[in-house]
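Novice: The primary structure of each chain is shown beneath.
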Amino acid sequence: MSADLESLEDFRARARDFIRANLRAADPDQMVGPLRNERTDEEELAAVARERQVQRMLFDAGLAGICFPKEYGGQGLTRDHQRTLNQELAGYEYPSRLQAPTFSPCAAVLLDFGTEEQKQAHIPAILRGEEIWMQFLSEPSGGSDVAAALTSAVKDGEEWVLNGSKIWTTGAWWSDWGLCLARTNWDVPKHRGLTVFILPIRQAGLDVHRIEMLNGSKEFCQEFLTDVRVPDSDRVGDVDDGWTVGTRWMFHERMLTNSALVTIPAGMSHGGGTRAMTAVARDAGRLDDPYVRDLVGEARMLEMVDRHLRRRVGEGIATGAMADQSAAIGRLFVGTATARIRSIDFEIAGAAGAAWTADDGELAFAGQDFLMRQVSCIGGGTTEMARNVISERVLGMPRERSQDKDVAFRDVPRSATTRS
Amino acid sequence: MLLALSSDQELFTETTAKLLDELVPVGELRRLREDPVGFDRRYWSRGAELGWTSLLVDEDHGGGSIGEHGLIDLTLVAYEFGRHAAPGPLAVVNVVAATLSETGHGDAGVIDGLVSGAMLATWCLGEPVPGDRLGSLALDIALDGGEVVLNGTKRPVESAAVADHLLVTGRTGEGLTQVLVPAGASGVSVSPMESVDMSRRFSVVSFEDVRLPATSVVGEIGSADAQVARQLEWALAVTCAESVGAMQTAFDMTVEWAFDRYSFGRPLASYQELKHRFADMKTWLEAGHAISDAATRAAAEGSAGAAELLSTAKAFIGDYGSELLQDCVQIHGGIGVTFEHDLHLYLRRHTLDRALFGTPADHRQRLCDIVEAQEEVA
Numbered sequence: 001m002s003a004d005l006e007s008l009e010d011f012r013a014r015a016r017d018f019i020r021a022n023l024r025a026a027d028p029d030q031m032v033g034p035l036r037n038e039r040t041d042e043e044e045l046a047a048v049a050r051e052r053q054v055q056r057m058l059f060d061a062g063l064a065g066i067c068f069p070k071e072y073g074g075q076g077l078t079r080d081h082q083r084t085l086n087q088e089l090a091g092y093e094y095p096s097r098l099q100a101p102t103f104s105p106c107a108a109v110l111l112d113f114g115t116e117e118q119k120q121a122h123i124p125a126i127l128r129g130e131e132i133w134m135q136f137l138s139e140p141s142g143g144s145d146v147a148a149a150l151t152s153a154v155k156d157g158e159e160w161v162l163n164g165s166k167i168w169t170t171g172a173w174w175s176d177w178g179l180c181l182a183r184t185n186w187d188v189p190k191h192r193g194l195t196v197f198i199l200p201i202r203q204a205g206l207d208v209h210r211i212e213m214l215n216g217s218k219e220f221c222q223e224f225l226t227d228v229r230v231p232d233s234d235r236v237g238d239v240d241d242g243w244t245v246g247t248r249w250m251f252h253e254r255m256l257t258n259s260a261l262v263t264i265p266a267g268m269s270h271g272g273g274t275r276a277m278t279a280v281a282r283d284a285g286r287l288d289d290p291y292v293r294d295l296v297g298e299a300r301m302l303e304m305v306d307r308h309l310r311r312r313v314g315e316g317i318a319t320g321a322m323a324d325q326s327a328a329i330g331r332l333f334v335g336t337a338t339a340r341i342r343s344i345d346f347e348i349a350g351a352a353g354a355a356w357t358a359d360d361g362e363l364a365f366a367g368q369d370f371l372m373r374q375v376s377c378i379g380g381g382t383t384e385m386a387r388n389v390i391s392e393r394v395l396g397m398p399r400e401r402s403q404d405k406d407v408a409f410r411d412v413p414r415s416a417t418t419r420s
Numbered sequence: 001m002l003l004a005l006s007s008d009q010e011l012f013t014e015t016t017a018k019l020l021d022e023l024v025p026v027g028e029l030r031r032l033r034e035d036p037v038g039f040d041r042r043y044w045s046r047g048a049e050l051g052w053t054s055l056l057v058d059e060d061h062g063g064g065s066i067g068e069h070g071l072i073d074l075t076l077v078a079y080e081f082g083r084h085a086a087p088g089p090l091a092v093v094n095v096v097a098a099t100l101s102e103t104g105h106g107d108a109g110v111i112d113g114l115v116s117g118a119m120l121a122t123w124c125l126g127e128p129v130p131g132d133r134l135g136s137l138a139l140d141i142a143l144d145g146g147e148v149v150l151n152g153t154k155r156p157v158e159s160a161a162v163a164d165h166l167l168v169t170g171r172t173g174e175g176l177t178q179v180l181v182p183a184g185a186s187g188v189s190v191s192p193m194e195s196v197d198m199s200r201r202f203s204v205v206s207f208e209d210v211r212l213p214a215t216s217v218v219g220e221i222g223s224a225d226a227q228v229a230r231q232l233e234w235a236l237a238v239t240c241a242e243s244v245g246a247m248q249t250a251f252d253m254t255v256e257w258a259f260d261r262y263s264f265g266r267p268l269a270s271y272q273e274l275k276h277r278f279a280d281m282k283t284w285l286e287a288g289h290a291i292s293d294a295a296t297r298a299a300a301e302g303s304a305g306a307a308e309l310l311s312t313a314k315a316f317i318g319d320y321g322s323e324l325l326q327d328c329v330q331i332h333g334g335i336g337v338t339f340e341h342d343l344h345l346y347l348r349r350h351t352l353d354r355a356l357f358g359t360p361a362d363h364r365q366r367l368c369d370i371v372e373a374q375e376e377v378a
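Respectively, the protein sequence lines represent chains A and B.
When we follow the numbering used here, the leftmost residue of the first sequence carries the number 1, and every step to the right adds one.
When we follow the numbering used here, the leftmost residue of the second sequence carries the number 1, and every step to the right adds one.
I should point out that these hints are in silico values taken from the structure, not numbers from a laboratory.
Take these hints with a grain of salt, some might be off.
The calculated label-pair distances, taken between Cβ atoms and stated as ranges, are [said to hold, decoys possible]: (1) Leu11/B to Asp145/A: 44 to 50 Å; (2) Ala321/A to Ser303/B: 21 to 27 Å; (3) Asp80/A to Val129/B: 47 to 53 Å; (4) Gly361/A to Gly135/B: 28 to 34 Å; (5) Leu5/A to Asp132/B: 52 to 58 Å; (6) Thr40/A to Ser263/B: 53 to 59 Å; (7) Glu14/B to Pro398/A: 31 to 37 Å; (8) Ser223/B to Ala25/A: 39 to 45 Å; (9) Ser263/B to Ala354/A: 57 to 63 Å.
So, partial list: chain A residues that the calculated Cβ filter (under 8 Å) puts toward chain B [said to hold, decoys possible]: (10) Gly297; (11) Ile390; (12) Arg393.
Note that the Cβ used here is the ideal one computed from N, Cα and C, for glycine as well.
Build the full structure now, drawing on both the sequences and the hints.
Specialist: The following block contains the structure:
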C-alpha cells in the first residue's frame, strides 16, 4: 500500500459528508423480498433512472469505483476504503441495480481481459452510471453447463454474426450492454470453441422478452439474437479461448457482494432481513411466542454468519490465504441461509401467509416470497454447482464424469427439446 | 481460526500445538478416561508456563498478552484444545484469573497461583433445572453483618473437585453478587458427575450456609451484573473457538477417510452425494471460523455488538457443528461409533461445549431479545 493513499479517516469523513448532504434515506422496501412484483414498469424505470443519477453523483464526488484503477475513472483505493463506504452508506439509498452484474462480474471481466480501448470506452461510463450491463451467459438449453452454449458467432470480414438465445438476465429491458459467451468453433471439445463478445442490448436483431415469474415479477428476461453483428474489436479475449475468460467470469459471479468492486451498504443482506422478520412476527401477534422468538433468533443468526463468512472469504481470497474457488463457499451459504429465512418468515406468518387482506401488513408477502424461495439457490449459479466447485476445486475430490470431454461439441448429446 | 496471525501468535499457537501433541496424544486421552481428575497437574503447569492462564490477566498481576488482545490469544489456545480434544479447565481458570485481576480482588496469591498453574479455580455459574437456562440465577448470597452467607446449588461446575477456589455467582436481591469461596470452606460439598467428554470433569457443588468474611466478595455486592456478562463473553469466546477446533479435526479426518476408503471400486470422495455433503460441511466449518473470530474480536475490543455476535456464534457453532460432527460419523459408518476410532474424542468435546454456557436454543432466544432491543433504539 503506498503512503500517499487517502487515509481511512479522511475517506470516511469525506464519504459521510457527501452521503448525508446528498443521498436519501433507504427505501425500506428495497431491502425486502426476492423479486417481488410490487412496482409498475414506470416506477421501476424511475428507480433505475434515480440509481443512474446517484451513481453519477458518487462519481462526481470521487466515491465511485473505489477499487477500480484510477486510469479508468476509479479511485484506486483499497478493500478497507470500500468497506468504509459500505458502512457509511448504511441506511441510505445506493445504486443497487448497478452493482451486480454491472460492476461484478461484467466490469471485473473487462478489467481482467478487455483491451485498453475497451476499458477506456466502458469502465468510466459504467462508473458514471451511463452503462448498465447484463450477463449473456445462461441459455435455454442449460443453466449450469454454461460451456455448452449454443449461441453461435460466425466471422464475416471484420465482424462476427451472432445467432441464438440467452436467458435469466435480470432487468435486461432497461439495460445497455451485454457480455456474451458464444460458440465460435463446433469441431473442438466444448471448452475450446467459445469466445466472449460485448454488444449493445438496444439494437435491431436483439429482441428482449420479459419472462413472467410465478409471482408475477417480470424482471427476468430472455434475449433472442438474430444476425447481430459485432465488430471484432468488441471481442474480449482470444478467439476460441472464451473459457479462460468464462472461468474468471464465473469466479467473479460467485464472489457476489464479496467483491471489492461491489458497493453494498453495511448490514444489508440478500434476503429480507430480520427487521422484516420481526415485522412479520409483530403483525402476526406472535412476537411473544417462544417458538417464534427462537425462529427470529435463528434468522438473525443466519444473517450475521452470512455477513462474517462473506468477509472471511473475501479477505481470504484477497490475501491469497484461500483459493479463488472458495468464493463458492460464500455462494452456497447465502443461498441455503436465505432459503431458510424465507421458510421461517412463512412459518411465522401462519395462515395469513397463504390468504391475506390489505390489513395484514408484512404478512401479505410471506407466502409469495416462499413460493420464490429457491431463487436464492438458483440465481448466480446453483448451489449444486457451488457444491461441485467446493468439493472438487477446494477440497480436491475427483471430478464428476462427463460425456463431453474429448468430443467435438457438435457430436455431444443434447436435450431433445429445449425452451426456445 | 484467524486467517492472518502475527508471527508471535503463530509461534505461540505452534508451541501450544506441539505441547499438546507431546503431552496429551490420543493414547493419553484414552488413559485419562479412567482418571478422576482428567488431567495431570504437571501438564497444566507446562501449559501455564506457555501462558495459557495469564493472557487475560493484567501485567501488574503477572499476566500479559501475545498480540493486541489477550482474549484473541486465548482463543488460539482454545482452538488447539479443540483440535486435540485436550484436557484441562481452560475456560473457567481464565475466567476466574481475569475476574480477580480486573476487579482488583484482595488476595494476589490466588492470581499468582492460577497464572503459574500451581493453583486451580473454577467458576460456579449454572444451576439445576428448571434454573439451568442461561441467565436464570437463584443461588442466594445474603449479607449478615460483616459476613456473606451462601445458599444454593451449582451444576455443572468444571474441575470443582480439584479447584482451590470457587468463584460463585449468585443473587443478592435483584442484583448479582460474586464471592471467591475457598474449596475447603465449611458448608461446601462437591459431588462428582458423569460427563460426555473423555477428560473434562464436572461436579454438583452445594452451598449450605457457607459463611465468609465480606472481603471474599469479588466486586460490589449486588452489582456484579456487568462483570458477570463480561465473564460470560470470555467463556463463550473460548468455548466457541474450542468447538471450531474439534470440528476442524473431525472434518480433516473425514476428508482423509473419504480419499482412502474405497467402495464399489472407487473412493468415497468420488461420489457426488458425499462430495456435496463435504461441501456443506466445509461451508459450515468456514462459517464457524468466521463467526467465532468475529465474535472474539468484538468481545476483545469491547464493542457494542459483542453479545449479539457471541450468541450468534454459540448458536451457529453448536447446531451446525453438531450436524458436521454427526455427518462425519455417518460417513465413517460403523467404525465411527466405536470407541476404538478417534472420531468420538472430537464429537465428545463439541457435544460438551455445545451445552455449556447456554445451548443454541438459549442463544437464539437471546438473539431475539437483542433484535427487539435494537429496534426499540432505532
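Novice: Output the indices of the hints that this structure fails to meet, ascending.
Specialist: 9, 12
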